[in-house]
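Engineer: Given chain A, work out where chain B should sit, using these hints.
Just so you know, the sequences run in chain order A and B. With the first letter of the first sequence counted as 1, position 48 gets the number 48 in our numbering; the numbers rise by one all the way through. With the first letter of the second sequence counted as 1, position 101 gets the number 101 in our numbering; the numbers rise by one all the way through.
Be aware that a few hints might be false.
Unchecked claim - Straight-line alpha carbon distances no greater than 30 Å define the calculated BS3-like cross-link-like pairs of lysine-lysine that follow:
{"id": "1", "chain 1": "B", "residue 1": "K87", "chain 2": "A", "residue 2": "K44"}
{"id": "2", "chain 1": "A", "residue 1": "K44", "chain 2": "B", "residue 2": "K19"}
{"id": "3", "chain 1": "B", "residue 1": "K23", "chain 2": "A", "residue 2": "K44"}
{"id": "4", "chain 1": "A", "residue 1": "K108", "chain 2": "B", "residue 2": "K46"}
{"id": "5", "chain 1": "B", "residue 1": "K46", "chain 2": "A", "residue 2": "K44"}
{"id": "6", "chain 1": "A", "residue 1": "K108", "chain 2": "B", "residue 2": "K87"}
{"id": "7", "chain 1": "B", "residue 1": "K43", "chain 2": "A", "residue 2": "K112"}
{"id": "8", "chain 1": "B", "residue 1": "K46", "chain 2": "A", "residue 2": "K27"}
{"id": "9", "chain 1": "B", "residue 1": "K43", "chain 2": "A", "residue 2": "K44"}
{"id": "10", "chain 1": "A", "residue 1": "K27", "chain 2": "B", "residue 2": "K65"}
{"id": "11", "chain 1": "B", "residue 1": "K43", "chain 2": "A", "residue 2": "K108"}
What the hints assert, rightly or not - If we take Cβ atoms under 7 Å as the criterion, some of the chain A residues that face chain B in the derived model are:
{"id": "12", "residue": "L51"}
{"id": "13", "residue": "Y92"}
{"id": "14", "residue": "N96"}
Simulated from the structure, these hints should not be mistaken for lab results. Since the structure is predicted, the reported quantities are computational estimates derived from the model, not experimental observations. The beta carbon of each residue, even a glycine, is placed where N, CA and C say it ideally should be.
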Amino acid sequence: DIVMTQAAFSNPVTLGTSASISCRSSKSLLHSDGITYLYWYLQKPGQSPQLLIFQMSNLASGVPDRFSSSGSGTDFTLRISRVEAEDVGVYYCAQNLALPWTFGGGTKLEIK
Amino acid sequence: QILLVQSGPELKKPGETVKISCKSSGYTFTNYGMNWVKQAPGKGLKWLGWINTCTGEPTYADDFKGRFVFSLEASASTASLQINDLKNEDTATYFCARPMIATRAFAFWGQGTLVTVSA
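For reference, chain A alone in the conformation it holds in the complex (with noise of 0.2 Å):
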């Protein structure tokens, strides 16, 4: 199984500053298809995980322009510009190039 690895927690960041998350893959995510099988996800509490970002660097409908990803093949930065109240929540990587897909284990962002 491919094994996605995150930090449990941010570094703490201050509402309107910027944030990074980290997430590594134990294999490449770089597919022959040139795409890379990367996912971010948002859980915010008591809520249902959402869509961030699909493909490593695609925004998902209706995901501020805030958030942006890239990577290489086997690590990957989640950033967030100009964090809000409303970006507080458990972030998940995921891959889904190979079957069982995997998720991190989430890293929760800590605002100052």
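Structural biologist: Below, chain B alone, put in the same frame as chain A:
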């Protein structure tokens, strides 16, 4: 508007069986597979598997082979998850999730169903 509406919370004893439903609306049910995801209390997300809503063929992650059963009632646009011989460690919220076309992303999620297993 695409909606996935799951059945309500369940309280069961060890050894019993539970069946959770996920009713879809706003799209053609058989055009997209349905995935199931587990979240134990205070823990992360774990993929159980998915069911092909066109053929009814299920695919289970290794940890969920044996006691977990995916099924369909396609005429009612409903997917179900049945867990047999419940164990304490099955206590979790279970989500159904539908992918977005051509991306494999879980774009649409049910609200989750909490299953509590306790003697």
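Engineer: Can you confirm whether the C-alpha distance between A/K27 and B/K65 stays at or below 30 Å?
Structural biologist: holds, 24 Å
Engineer: Taken at face value, is the distance from the CA of A/K108 to the CA of B/K43 at most 30 Å?
Structural biologist: holds, 12 Å
Engineer: Holds or violated: A/K44 with B/K19, Cα cutoff 30 Å?
Structural biologist: holds, 26 Å
Engineer: Using 7 Å as the Cβ threshold, decide whether A/L51 counts as touching chain B.
Structural biologist: holds, 5 Å
Engineer: Under the criterion that the straight-line Cα-Cα distance not exceed 30 Å, is the pair A/K108, B/K46 satisfied?
Structural biologist: Roughly 17 Å separates the two Cα atoms, so the pair holds.
Engineer: For the hint on A/Y92, does the least C-beta distance to chain B fall short of 7 Å?
Structural biologist: holds, 6 Å
Engineer: Mind checking the alpha carbons of B/K23 and A/K44 for me, to see if they're no more than 30 Å apart?
Structural biologist: holds, 23 Å
Engineer: Straight-line Cα separation of B/K46 and A/K27 no greater than 30 Å?
Structural biologist: Holds, because 18 Å separates the two Cα atoms, which is no more than 30 Å.
Engineer: Are the Cα atoms of B/K43 and A/K112 separated by 30 Å or less?
Structural biologist: holds, 23 Å
Engineer: Given the hint that B/K43 pairs with A/K44, does the C-alpha gap stay at or below 30 Å?
Structural biologist: holds, 14 Å
Engineer: Given the hint that B/K46 pairs with A/K44, does the C-alpha gap stay at or below 30 Å?
Structural biologist: holds, 17 Å
Engineer: Does the structure keep B/K87 and A/K44 at a Cα separation of 30 Å or less?
Structural biologist: holds, 28 Å
The structure is consistent with each of the numbered hints, conforming to all of them.
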